[in-house]
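2 protein chains.
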Amino acid sequence: MNVSIIGIGLLGGSFALVLREKYPKMHFIGVDTSPVNGQLALAKGIVDDVMPLAEAVSKSDLVVMATPVNVIIDLLPAVLDHLPSSATVIDLGSTKGSICDVADIHPKRAQFVAAHPMAGTENSGPGAAFRELLPGKNLIICDSDKSNTESLTLAESLFRDAGMKLFYMTPKEHDLHLAYVSHLSHISAFALGLTVLEKEKDEQAIFDMASTGFSSTVRLAKSSPQMWAPIFDQNRTNVSNALAAYIEFLQQFKQVIDDQDVATSLDFMKRANVIRRVLDGIEKR
Amino acid sequence: MNVSIIGIGLLGGSFALVLREKYPKMHFIGVDTSPVNGQLALAKGIVDDVMPLAEAVSKSDLVVMATPVNVIIDLLPAVLDHLPSSATVIDLGSTKGSICDVADIHPKRAQFVAAHPMAGTENSGPGAAFRELLPGKNLIICDSDKSNTESLTLAESLFRDAGMKLFYMTPKEHDLHLAYVSHLSHISAFALGLTVLEKEKDEQAIFDMASTGFSSTVRLAKSSPQMWAPIFDQNRTNVSNALAAYIEFLQQFKQVIDDQDVATSLDFMKRANVIRRVLDGIEKR
Chain A
274 MNVSIIGIGL
284 LGGSFALVLR
294 EKYPKMHFIG
304 VDTSPVNGQL
314 ALAKGIVDDV
324 MPLAEAVSKS
334 DLVVMATPVN
344 VIIDLLPAVL
354 DHLPSSATVI
364 DLGSTKGSIC
374 DVADIHPKRA
384 QFVAAHPMAG
394 TENSGPGAAF
404 RELLPGKNLI
414 ICDSDKSNTE
424 SLTLAESLFR
434 DAGMKLFYMT
444 PKEHDLHLAY
454 VSHLSHISAF
464 ALGLTVLEKE
474 KDEQAIFDMA
484 STGFSSTVRL
494 AKSSPQMWAP
504 IFDQNRTNVS
514 NALAAYIEFL
524 QQFKQVIDDQ
534 DVATSLDFMK
544 RANVIRRVLD
554 GIEKR
Chain B
274 MNVSIIGIGL
284 LGGSFALVLR
294 EKYPKMHFIG
304 VDTSPVNGQL
314 ALAKGIVDDV
324 MPLAEAVSKS
334 DLVVMATPVN
344 VIIDLLPAVL
354 DHLPSSATVI
364 DLGSTKGSIC
374 DVADIHPKRA
384 QFVAAHPMAG
394 TENSGPGAAF
404 RELLPGKNLI
414 ICDSDKSNTE
424 SLTLAESLFR
434 DAGMKLFYMT
444 PKEHDLHLAY
454 VSHLSHISAF
464 ALGLTVLEKE
474 KDEQAIFDMA
484 STGFSSTVRL
494 AKSSPQMWAP
504 IFDQNRTNVS
514 NALAAYIEFL
524 QQFKQVIDDQ
534 DVATSLDFMK
544 RANVIRRVLD
554 GIEKR
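Those sequence lines, one after another, are chains A and B.
Counted the way our numbering counts, the first sequence spans residues 274 to 558.
Counted the way our numbering counts, the second sequence spans residues 274 to 558.
The hints are simulated quantities; they were obtained by calculation from the structure and are not laboratory data.
Be a bit skeptical, because a hint or two may be false.
[Claimed, not checked] Derived contacts from chain A toward chain B, CB cut-off under 8 Å, selection only:
id	residue
1	P297
2	D321
3	M324
4	M391
5	A392
6	S430
7	D434
8	G436
9	L439
10	L467
11	V491
12	L523
13	K527
14	V547
15	I548
16	R550
[As the list claims (entries may be wrong)] Below, computed lysine-lysine pairings styled on PhoX-like, alpha-carbon distance capped at 20 Å:
id	chain 1	residue 1	chain 2	residue 2
17	A	K543	B	K445
18	A	K474	B	K445
19	A	K438	A	K410
20	A	K332	A	K298
[Said to hold, decoys possible] Covered, in the sense of this in silico footprint (three residues per stretch, anywhere, with C-beta under 8 Å from a C-beta of chain A), are these stretches of chain B:
id	stretch
21	355 to 367
22	461 to 475
All values reported here derive from a predicted model rather than from experimental measurement.
Backbone N, C-alpha and C fix where the C-beta goes; we use that ideal spot for every residue, glycine too.
In isolation and in its complexed conformation, chain A is listed as follows (with noise of 0.2 Å):
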């Protein structure tokens, strides 16, 4: 079985570096736009060939698709073009919204399964992959009925063997959970790394004094901005009201804070608190 990955970066690189320890007869074809990605994923047995996209899609069985979603959206016509008729193209975009409506108009809509594994780091490339990323991870699948049973059942298959649990939704309820629980989330990280950069232009005095907690809220901040731009785009309108509903927070919390209203600021904590159980459950996951 020939297996294409477009984009082995983090995403396509982790994924195939779990289906080759499950699949040892499995042959992975890379393709890259950077020709040094291409070589530090061969040197790193993540692939075994590197091809354009073309001559790959049309070798293989199973094309993924793990490029940032601005890329999928843009490659993903001429994949289902050249892909071979009883083949199965999977992306794994952070979005579905926009990636979905681009397939729904391809004649060969079946053959796509659109699926986001909730799984990521804060590093990107063929570097940064490793087999452990996905097993153990969430993973949504999105208008299921869509896709044709063989493409279906394939990917699925997968997925179970790569150790993932499976979810099932509309690009819609995705794109506006993923709002809040994922792109909210890294823009307040971003947004708090240049805060404390501006302000703190000597690197030195954060490093002295910042703690673990710092490291741990700002993590996010190091993210691909070539990976998330393109995601903010797309969920755009989910995103701009999560951040509405979170800058309301933070203004509250100001106004709380600048009327020495000590009550409320802990009430407001004590609800925040609340977050525990559920942080305490995605811990033991």
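Once you've looked at the hints, dock chain B against the given chain A.
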């Protein structure tokens, strides 16, 4: 040597645990308004005795104040009143301006050392204390020139023996920096927790769809309201300015997303990425 720990929680308890290991003959007296905390601290071997405040202080060579900062301010005059003439008081509060103001007008000011360890977790109480919290972390001493040589030398020796690296600054500098590198990240996490909990009434949805990135960013929302409300209140001018700067960046980010201005979105994130240098340093520390 008798050491009283006023407030036997995460910080006071962790400091006692690391000192016990270095100085097996030190005798630790716990002071806590919660009888349960006192019993837990005895059971966990954090302290040898539990006593009321005045009795404990009058028997002490060293008093460590590790309560919420408003309680430090309330108790510090009485602690200094009861303090034997050759003894020392150290406070470990997260704000330094208001606490030093109270100390400055007391006749025994020279027996007081104002300190703040850059360490903590989102957990609280004696059950959360652990010996490894402080070793390897930084500690700030404020207004060291106002402490007498004996008290300052004792405090410095104990902190160094606890494995900490010492920095010196004024309370004003301390409170300004901490507003950015610590207090702001706590508010950002509390507000993120509130935003997500308000939107996602169904906690299961957050649980299913959140990844480790969300956990990391929102982790500090688990922190103790009783500890943090007084910190935000005492450092309200700096915290309010930091929050205003943060809200401004978020509003700019929102505008950029609303305008579909992907180039500026990329630029924001690239500038925020600079934080990687600082974080990599903190993690290696």
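Evaluated hints:
{"no.": "1", "hint": "P297", "in the structure": "violated (29 Å)"}
{"no.": "2", "hint": "D321", "in the structure": "violated (29 Å)"}
{"no.": "3", "hint": "M324", "in the structure": "violated (29 Å)"}
{"no.": "4", "hint": "M391", "in the structure": "holds (4 Å)"}
{"no.": "5", "hint": "A392", "in the structure": "holds (6 Å)"}
{"no.": "6", "hint": "S430", "in the structure": "violated (21 Å)"}
{"no.": "7", "hint": "D434", "in the structure": "violated (20 Å)"}
{"no.": "8", "hint": "G436", "in the structure": "violated (15 Å)"}
{"no.": "9", "hint": "L439", "in the structure": "violated (11 Å)"}
{"no.": "10", "hint": "L467", "in the structure": "holds (5 Å)"}
{"no.": "11", "hint": "V491", "in the structure": "holds (6 Å)"}
{"no.": "12", "hint": "L523", "in the structure": "holds (5 Å)"}
{"no.": "13", "hint": "K527", "in the structure": "holds (5 Å)"}
{"no.": "14", "hint": "V547", "in the structure": "holds (6 Å)"}
{"no.": "15", "hint": "I548", "in the structure": "holds (4 Å)"}
{"no.": "16", "hint": "R550", "in the structure": "holds (7 Å)"}
{"no.": "17", "hint": "K543/A / K445/B", "in the structure": "violated (29 Å)"}
{"no.": "18", "hint": "K474/A / K445/B", "in the structure": "holds (18 Å)"}
{"no.": "19", "hint": "K438/A / K410/A", "in the structure": "holds (6 Å)"}
{"no.": "20", "hint": "K332/A / K298/A", "in the structure": "holds (16 Å)"}
{"no.": "21", "hint": "355 to 367", "in the structure": "violated (count 0)"}
{"no.": "22", "hint": "461 to 475", "in the structure": "holds (count 13)"}
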